[in-house]
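> Each protein sequence line maps, in turn, to chains A and B.
Numbered according to the working numbering, the first sequence spans residues 155 to 462.
Numbered according to the working numbering, the second sequence spans residues 155 to 462.
Derived by calculation from the structure, the hints in this document are not laboratory data.
No experiment lies behind these values; they were computed from the predicted model shown.
The C-beta atom is built at its ideal place from N, Cα and C for all residues, glycine as well.
Misleading hints may appear alongside valid ones.
[As the list claims (entries may be wrong)] Under 7 angstroms between C-beta atoms, here's a sample of chain A residues computed to sit facing chain B:
1) Phe193
2) Gly197
3) Thr230
4) Ala233
5) Met259
6) Arg261
7) Ala397
8) Met399
9) Gly400
10) Val403
[To be verified] Counterexamples of contact, computed for chain A against chain B with all Cβ distances above 10 angstroms:
11) Ile250
12) Leu255
13) Ala330
14) Ile388
15) Phe415
Number of protein chains: 2
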Amino acid sequence: MKRVVLFVGGVGGAKLALGMYRVLPPDALTIVVNTGDDFWHYGLRVCPDTDTVLYTLAGRVDPVNGWGIAGDTTVTLDALRALGETPWFNIKDRDIATHLLRTEMLRRGHTLTQIAAHLAQAQGVTCRVLPMSDQFVETRVQTREHGWLDFQEYFVRHRCQPTVLDVRYEGAEQAAVTPQVAQALHTADLIVFAPSNPWLSIMPMLHVPGMRAAIAQSAAPSIAVTPIVEGRAIKGPAAKMMAEMGYEVSYASVARFYADFVRVFVYDKRDPLRELDAPRLVALDTIMTDEASKVRLAREVLALSEMV
Amino acid sequence: MKRVVLFVGGVGGAKLALGMYRVLPPDALTIVVNTGDDFWHYGLRVCPDTDTVLYTLAGRVDPVNGWGIAGDTTVTLDALRALGETPWFNIKDRDIATHLLRTEMLRRGHTLTQIAAHLAQAQGVTCRVLPMSDQFVETRVQTREHGWLDFQEYFVRHRCQPTVLDVRYEGAEQAAVTPQVAQALHTADLIVFAPSNPWLSIMPMLHVPGMRAAIAQSAAPSIAVTPIVEGRAIKGPAAKMMAEMGYEVSYASVARFYADFVRVFVYDKRDPLRELDAPRLVALDTIMTDEASKVRLAREVLALSEMV
């Protein structure tokens with residue numbers, strides 16, 4: 155049995171996570187989730203990427219948005235608006251239950267790792283879903299128009315419209331790789347980076363002290379999958395951010411980002427082969443529109459591990 | 155214009171509050187609300203008595219329970235149960251919006267007084283609704299079966315079934331009368347104690363340092379209305395508690411509770427006149443089943459102020 159550690163961010167990463175979850179025995183799969191997007195909202199601790207992964211694997215995710223719960227309602231949101239609020243983050247009624255339970259467990263002293271395990275079990279998710287750390291790390295985005303913004307302010311409130319100048323990961327210095335993540339990396343046979351935004355989803359995880367070392371010390375080879383196809387991001391602001399931060403908007407920029415710690419980089423077969431020193435490039439169909447394509451890409455990425 | 159300060163606890167008090175609200179110009183009415191029932195629930199700050207009063211005055215209250223919002227739904231509660239939780243406090247979806255907004259305002263440094271004013275204004279309530287203090291005071295109940303319980307654990311979780319040995323008001327020593335409550339008492343022409351539980355609703359307010367002095371120093375006479383009629387509480391555990399704490403279960407025990415600071419005590423006309431040194435006793439129909447009876451009792455209590 156090949157033990158796989160999959161690093162994921164939001165919706166794009168959750169798609170490959172579902173493919174892997176369908177293909178691998180649950181014991182063989184560990185998903186490490188970005189928590190840099192986490193934030194406090196009306197007193198609730200919201201962990202968007204963790205919930206997106208859990209809702210996706212549990213078969214509860216809203217199929218249109220790729221986040222939130224299918225068929226969820228907005229009674230509380232509507233009542234907040236009736237009280238004069240203009241809530242900019244879409245927390246619907248079923249979703250609120252998750253945030254209430256998480257907030258209560260935090261108050262009782264449970265760690266994010268324990269909470270994610272409990273929420274996974276409660277939703278029938280059988281693989282390990284591990285937050286990148288138990289400490290709070292918060293991604294902040296420096297914009298030309300509004301200065302430094304909390305990630306969700308940039309991402310949701312301002313709909314990624316401000317021009318990005320820089321990104322930082324607050325609290326990362328005080329964070330640490332959890333024993334669970336360290337153990338998973340230590341015993342992994344393959345490490346995969348899902349098609350997630352390098353700066354907003356992958357970098358927060360790499361900024362956790364000890365994470366890069368744990369990846370480097372693992373005997374497992376690692377593979378990354380491009381989130382950029384034909385100069386566009388499948389979802390989210392990755393392409394726009396790359397242009398604003400002065401990068402060429404192509405998979406090549408992402409491949410260079412991964413060059414020093416990934417052996418194989420999967421670009422999309424719709425793109426031309428580029429000449430890069432590293433990592434080794436492999437073309438696959440990376441666009442996941444339905445469950446079959448998620449399973450196919452998962453199988454093809456796992457098959458690549460034979461050649462690395 | 156007669157300026158009235160009405161001290162209220164939960165559902166019973168809110169009924170007389172509605173009567174007063176219908177009868178008096180909004181500027182003439184200040185309602186001081188018990189916050190000893192407040193508690194944290196899944197990370198939300200819940201203020202049951204404040205919300206019961208506001209929902210009642212705003213015409214939003216659930217007419218069957220007398221608390222909560224009419225027609226509210228349980229999507230979040232059901233989702234919590236689906237996650238394996240057994241939530242014992244009934245927070246429904248529209249109600250959650252109130253708790254989210256309060257919790258967020260607390261986080262931003264607003265006081266309970268400011269938050270109650272904002273929630274009143276947002277719901278169209280035009281009289282002043284003042285929490286008894288801006289500090290957290292938490293009523294705890296000592297029971298034979300379970301030791302010391304938080305008020306809501308006793309009241310909701312255990313449905314008032316444990317035998318009550320004692321009551322205390324945690325944090326009261328560090329609390330203070332707010333400037334708004336002090337000012338209202340200073341300028342009051344009449345002080346009224348609604349038919350609320352003496353130990354669970356009125357005592358927490360009297361335990362706020364400075365409250366008894368502010369009442370005593372006010373030039374206004376004060377009137378209390380019995381919550382006990384024919385040896386029974388109209389609602390809630392008052393009668394059961396009185397028996398358990400060794401009091402005779404009758405309005406006379408409540409009148410004695412108020413003896414040293416209330417000039418007139420309103421007992422129900424269904425009960426016989428008792429001989430007491432103080433306070434002066436007046437019989438009225440204190441049972442409020444509909445809006446007309448709330449308005450009638452409010453008018454009759456206000457008329458008593460002519461004779462005190």
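> Each hint: holds or not?
How the hints compare with the structure:
The closest approach between the C-beta of Phe193 (chain A) and any C-beta of chain B is roughly 12 angstroms, which is over the 7 angstroms cut-off, so the hint fails. Satisfaction of the interface hint for Gly197 (chain A) is found here, the shortest Cβ-Cβ separation to chain B being roughly 3 angstroms, below the 7 angstroms cut-off. With a least beta-carbon distance of about 5 angstroms to chain B, the hint placing Thr230 (chain A) at the interface is held under the 7 angstroms criterion. With 7 angstroms as the threshold, the beta carbon of Ala233 (chain A) comes within range of chain B, its nearest partner Cβ sitting at about 3 angstroms, so the hint holds.
Annotation: interface hint on Met259 (chain A) violated; nearest CB of chain B at approximately 9 angstroms, more than 7 angstroms. Restraint check, Arg261 (chain A) versus chain B: the minimum CB separation of about 6 angstroms is within 7 angstroms; hint holds. Residue-level restraint check for Ala397 (chain A) is violated (minimum Cβ-Cβ distance to chain B is 35 angstroms; threshold 7 angstroms). Violation of the interface hint for Met399 (chain A) is found here, the shortest Cβ-Cβ separation to chain B being roughly 33 angstroms, above the 7 angstroms cut-off.
Checking Gly400 (chain A) against chain B: minimum C-beta separation of about 37 angstroms lies over 7 angstroms; hint violated. Among the interface hints, the one on Val403 (chain A) is violated; its C-beta lies about 38 angstroms from the nearest C-beta in chain B, farther than the 7 angstroms criterion. Listed as a non-interface residue, Ile250 (chain A) fails to keep its Cβ farther than 10 angstroms from every Cβ of chain B; the least gap is roughly 5 angstroms. The non-interface label for Leu255 (chain A) is inconsistent with chain B: the shortest C-beta to C-beta separation is roughly 6 angstroms, within 10 angstroms.
For Ala330 (chain A), the shortest C-beta to C-beta distance to chain B comes to about 25 angstroms, beyond the 10 angstroms cut-off, and the non-interface label holds. The Cβ of Ile388 (chain A) lies farther than 10 angstroms from every Cβ of chain B, with a closest approach of about 30 angstroms, so its non-interface assignment holds. Under the 10 angstroms C-beta cut-off, the non-interface status given to Phe415 (chain A) relative to chain B holds; the minimum distance is some 37 angstroms.
Figure legend: structure checked against the earlier numbered hints; hints not met, in rising order: 1, 5, 7, 8, 9, 10, 11 and 12.
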